[in-house]
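Listed below, chain by chain, are the residues.
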Amino acid sequence: MSEQQRPEVVSVRGVGKTFESAGGRTIALEDIDLAIAPGEFVSLIGPSGCGKSTLLRLIGDLTAPTAGSVTINGKPARQARLDRDYGIVFQAPVLFDWRTVQANVALPLEVKGLARSDREQRVKATLDLVELGDFARHYPYQLSGGMQQRVSIARALALEPSILLMDEPFGALDEMTRERMNSEVQRIWQQTGTTVVFVTHSIPEAVFLSSRVVVMSPRPGRIVRVIDIDLPRPRTDDTRESARYFELITEVREALRGRRTDGRPPSGSVASMERTLAEGAVG
Amino acid sequence: MTGRWTRRLRDFAPAIVVFIGVIAALELIAAALDLQQFILPRPSAVVKAFVEEQARIQRSAGNTLYEALGGLVIGVTAGVLTAFAIARWARVREAVLPIAVGASAIPIIAAAPIMSNWFGILNPFAKMAIVILLTFFPMVVNVARGLSQVDESALELMRASAASDGQILRKLRIPNALPYFFTGLKIATTLSLIGAVVAEYFGGSDDVLGRVIVQSSSSLRFDITWAAISVTAVAGILMYVLAVGVERLVIPWHASQRVAET
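Chains as they are written, first to last, in the numbering used here: chain L, 1 to 283; chain E, 284 to 545.
Treat the hints as calculated values from the structure; they're not laboratory data. Treat the numbers as computed from the prediction; the structure is a model and nothing was measured. One should not assume that every hint holds.
Claimed, not checked - When the alpha-carbon atoms are kept at most 25 angstroms apart in a straight line, the in silico DMTMM-like pairs for lysine to aspartate or glutamate are as follows: (1) E:469 with E:489; (2) E:469 with E:530; (3) L:112 with E:435; (4) E:454 with L:85; (5) L:75 with L:160; (6) L:75 with E:448; (7) E:454 with L:174; (8) L:112 with E:439; (9) E:331 with E:489; (10) E:454 with L:120; (11) L:75 with E:439; (12) E:454 with L:83; (13) E:454 with E:435; (14) E:454 with L:228.
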């Protein structure tokens, strides 16, 4: 009954992923259960090797699970991909050098076979959404890194997907640009109402953006905690200086270190995780 | 437009000055040392020889260019088609690519007498066949690389958009291969003229640049030899410039084309 009250966009059940190689088998993910409701903004955070990117790729059917099932909008992930239910943004913008900004954004629309007039209208609306309308005829190399990433977000949103998958989209940007982009993503998310799954290794970024932060640990990759972020929206620069914000950052950081707020020691190897922790960021 | 051309002229000005300087120096040195014309003919004597032998040189240049360009067109076309087959079918790749890579290292020009034997020493196709072989392999290797070495994330992006194989080919692989195609084309263009002229050294019709060079030098008329070589050089440069011009038109977005940006 509860599932009917809260229909799930993403449902990950008992998922495992094992990579076989000449050097042996690596368990990338084990026993993952995750349900995401429509309009949620969920971040996956954890140190390198915790399988957060693999989990994102499983949700997007870019790789298949070796155990369990992934359901998107009530369909198998593969069907959701073929129905073009999701848009994806990688760490690199992955823009096509030979296409202008507007032609890059139009790419998924062309692939779907939309008529030219529909395409132009959608491209214009999406570029306005990311505030790059004035750069429609520029080539990618004429844009800054932050602008290129905005183009790739526009491309991912062009088909108005029900889920937006973002794989460390701002990992390559400087801190100032990243904060600006975070505010931008929050605005876009609120404006479109799309569901977002966001992989990051930055604690402040995860806390600032998310409705929920999913904390993962490596070897084997599993979910150690899910933290609700109750900061009021819209979050602003003031949010970044609020006491609650710092409390939540501490909570995520302690979860990453394998320390529970109730003070119980963790079951995993703390020492190995501690080593991978950088100040305010991991991975 | 005028501004662009004056700027371009200014860019080339130092090279032009050096070129004219070298020609003038050769003229002066040849005169001062009283060099025999078969050691170093004066540039003025070369110009004179060109004017006197213009009819034959022109006819020869036409015939040689016919061999070079004909072979280039066939070799490039066949190379591109083979590259597509390689990108499409793994079996073709396994069978052809190692041979193509290996063949790029072979002095194919050495096979010229065999081609003359097969197709007839007077048949221009004997020379064209050498040009085809010379240009085919670099095109295969480069275009096959461009079609297959596609950014992994770009492929995932296409998969995420539920793109068909045909769409991935048209919208990703082919544009991705264009810079590689032009790299191959520039190599092939240079090789085509070298191949045609050197293949002509081994014998055949007399009205080709290679024969003019061989015959004039064996009768010690090096002024004519230099004139024919100069014509070959100019033809080679023009063909290369043409290839670069087409490249600039077709892939203005590529990193190699962005030097003019400020």
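Evaluated hints:
| no. | hint | result |
| --- | --- | --- |
| 1 | E:469 with E:489 | 29 angstroms, violated |
| 2 | E:469 with E:530 | 9 angstroms, holds |
| 3 | L:112 with E:435 | 21 angstroms, holds |
| 4 | E:454 with L:85 | 21 angstroms, holds |
| 5 | L:75 with L:160 | 18 angstroms, holds |
| 6 | L:75 with E:448 | 24 angstroms, holds |
| 7 | E:454 with L:174 | 32 angstroms, violated |
| 8 | L:112 with E:439 | 16 angstroms, holds |
| 9 | E:331 with E:489 | 21 angstroms, holds |
| 10 | E:454 with L:120 | 18 angstroms, holds |
| 11 | L:75 with E:439 | 20 angstroms, holds |
| 12 | E:454 with L:83 | 20 angstroms, holds |
| 13 | E:454 with E:435 | 15 angstroms, holds |
| 14 | E:454 with L:228 | 42 angstroms, violated |
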